[in-house]
Each structure stands twice: as C-alpha cells, then as structure tokens.
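Asker: Could you put together the complete structure from these sequences and hints?
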Amino acid sequence: MHIVPCYLLTLLPTALLSITDSENGTSFESTTTTNNLTINYADNEIDNGHEIAGESTDADDGHHITMTELPRHGITLAQPPPRSPNSHGSSGGPFFEEGPEPQNVTAKLGTSVLLDCKIGLLYDKTVSWIRRKGEIMHLLTVGRTTYSIDQRITLSFRYPNNWRLQISSVTRRDDGLYECQIATHPTTVKKIFLKVLAPEVAIYDEKGRPVVERYYKAGSTVRLSCVAKQAEGNLADSIVWSRGKLLSSGITTNSSPGEIVSNLKISKAQKHHSGKYTCTVDQLATASVTLHILNGELPAAIHGGCSNTVVSCLVTVCILSFCSLLVTNYSLPRR
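According to mature numbering (1 follows the signal peptide of the UniProt record, and there is no 0), the sequence shown holds residues -22 to -1, 1 to 313 in order.
Simulated from the structure, these hints should not be mistaken for laboratory data. Model, not experiment: these values are computed from the prediction. Incorrect hints may appear among the rest.
Below, in silico cross-link-like pairs of lysine-lysine (BS3-like), each with a Cα-Cα straight-line distance of 25 Å or less [claimed, not checked]: (1) Lys246 to Lys195; (2) Lys195 to Lys207; (3) Lys169 to Lys96.
Each pair of labels, with its calculated beta carbon distance range [claimed, not checked]: (4) Phe171 to Asn232: 30 to 36 Å; (5) Thr123 to Glu184: 54 to 60 Å; (6) Leu175 to Val120: 26 to 32 Å.
C-beta atoms are modelled at their ideal positions from N, C-alpha and C, and glycine is treated no differently.
Answerer: This is the structure in structure tokens:
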C-alpha cells in the first residue's frame, strides 16, 4: 500500500491507493485494475469544488500535470463527504459564538461595562481589541496584554473563550465603535457599538420654562427646579445644588421612574443671593443658572416674566421705560 500526501498525487499503476486525512486520521481508499484511477481526496484538499493547488507526477514519463489536467489522464477526483459546519457556518476556522453581526451595548455614565467576545475554534490565533474613531484606530489589547494607556480599560478574560473588554467608570468619550478582531487572513471582525447613557439635566423656573439667567426683584420668592432625565431613582440622594459651596436649605427632591426633580426655594431673596447656581447629578451631569436680585434698579415687571438672556431683558426694560415716558407726557396738564 502506498501512502500519498493530501497535497501531492503520484500516478501509480498499482491496484490500491490510500490517502490519509492529516486532521482526523481518516483514510480513503480506492482500488483500480486499469489505467482509469479514481482517487478520493481528504476533505481539506477539496473545498466546495474549487480547484486544488498542487501538482502530480506522471510516473511513466516524469511529466508534471496540474490538477485540472487529471481528467485527461483518466483520473477522476471524487468529492469527499462535506465537513459538518458549526452552528455559525464555519467549517473549521475561528468563529464568534454569538454570531458575526454588529452588536449594540449600553452603559450608564460612571458605571463599568463588559464587552463580550466569545470565540470558538481559536487554536493559535490572536485576539485584539480596537477602538475606532472615524479613520483613526486605537489599539487597546493584543492577546491578554493591554496596550491602552487608559488604565480604566483592561482585558477581562473569562474561561474558556470569552475575550471580554472591560471599561471602568464609563465617561461620555467612551461612546462609540469597538472591534474584536481575530488574526486570520483576512481579519475576522466583530463590531460592538457602545452607547453611554448620561442624565439630561436642565433647570426650569416657577412657570416651567428652561432658564440659564434670571432677574428677580429684591424681596421676591425664587423657585427653581432641576430636572434630571434618564436617571435612576437611586441617584435621588446624589443630586445637589451649589453656589460656590453646597447648599442645604430650601431644597426638596422627589423622583419617578427615569426622572429626578430637585426644587430650590429662596424666600425674600436679597442682593447677596445673586450668583451662579449649579445643579449636579452624582458628579456626572450639571446645569447652571445665574440669578440677579435687583434693588429697584429695574421695574417690578422684571420679576414677573423677564426672559432668559440679558439682551432680551434690556429690550423689555427699554420698552417699559418708553411706554412710561409716553404715559407721563400725555398725562401732564397743558398750560
């Protein structure tokens, strides 16, 4: 019996030819008594009917013939039984157990997140994590070694085959595209899009209008509401007001699913209450408003509904002043 490598055929006038599959040890044998020889190949040499790379030597004249020329020499190539693919269609190479399709992952601002990458049949191939920002790529990990200079980013391998990327204390700048890559040719890639959820914070006045600047007459009552959306109820104790330093009086907080509201009340506001007030949610998101408490410099109507900006406030003042002059002129008795 002659043993023939899978990638090389020697045309033999003998009665028996044996070919051994180097991967699983299975032998395929074919017997012939004529010059027409049927050869059974190992399955790693024939892939869906594609041409096989390699050459055979004609023992009669030493002429080299290619695989495509074999039929002219009376040799028939028999297709082997197809290899059983795994559940993701791979016929033996590395594959992503959860499929190659892009995946969306969400993480709350300030928390930790794990990006899973489960790989089957990896063998000796290397796994890398890449952060992609447009055309710029940042190498994060190769194998079990972390190359990112950001210490929040590490590889958290979980036996037996989960090459997880861990990001601690997630920030807004972590939002974006990550790629788990297998060093095959071409590169096998799974894309993961990370969405960072951050509270949306805004400050409203007593009429429910968003404000960034507000004028009040001295002695007025100031009521401001800080509304944080996409925030969990357990953050209710972490929402604070400050003006240079933390404020503790005049504050009430209530929460509902996905929303926290903190109310600030200043009774009989005086000029020393003027300044920038900031609402902060768990040191993650902030909103600010600047208050101006006036001692009669502007008409009392400013308290009732001045707009958010200084410019619009001045326009309002000019209009009121002009109207006041008109009324005064027409009300004076004529001599």
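Asker: Is the hinted pair Lys195 and Lys207 satisfied, with a Cα-Cα distance of at most 25 Å?
Answerer: With Cα atoms ~31 Å apart, Lys195 and Lys207 exceed 25 Å; violated.
Asker: Range hint 54 to 60 Å: satisfied by the CB atoms of Thr123 and Glu184?
Answerer: 57 Å, holds
Asker: Confirm or reject the claim that Phe171 and Asn232 have a C-beta distance inside 30 to 36 Å.
Answerer: 34 Å, holds
Asker: Given the hint of 26 to 32 Å, is the C-beta distance from Leu175 to Val120 inside that range or not?
Answerer: 30 Å, holds
Asker: Under the criterion that the straight-line Cα-Cα distance not exceed 25 Å, is the pair Lys246, Lys195 satisfied?
Answerer: 9 Å, holds
Asker: Would the pair Lys169 and Lys96 pass a check requiring their Cα atoms to be no farther apart than 25 Å?
Answerer: Holds - the C-alpha atoms of Lys96 and Lys169 are around 13 Å apart, at most 25 Å.
Of the numbered hints stated above, the single one contradicted by the structure is hint 2.
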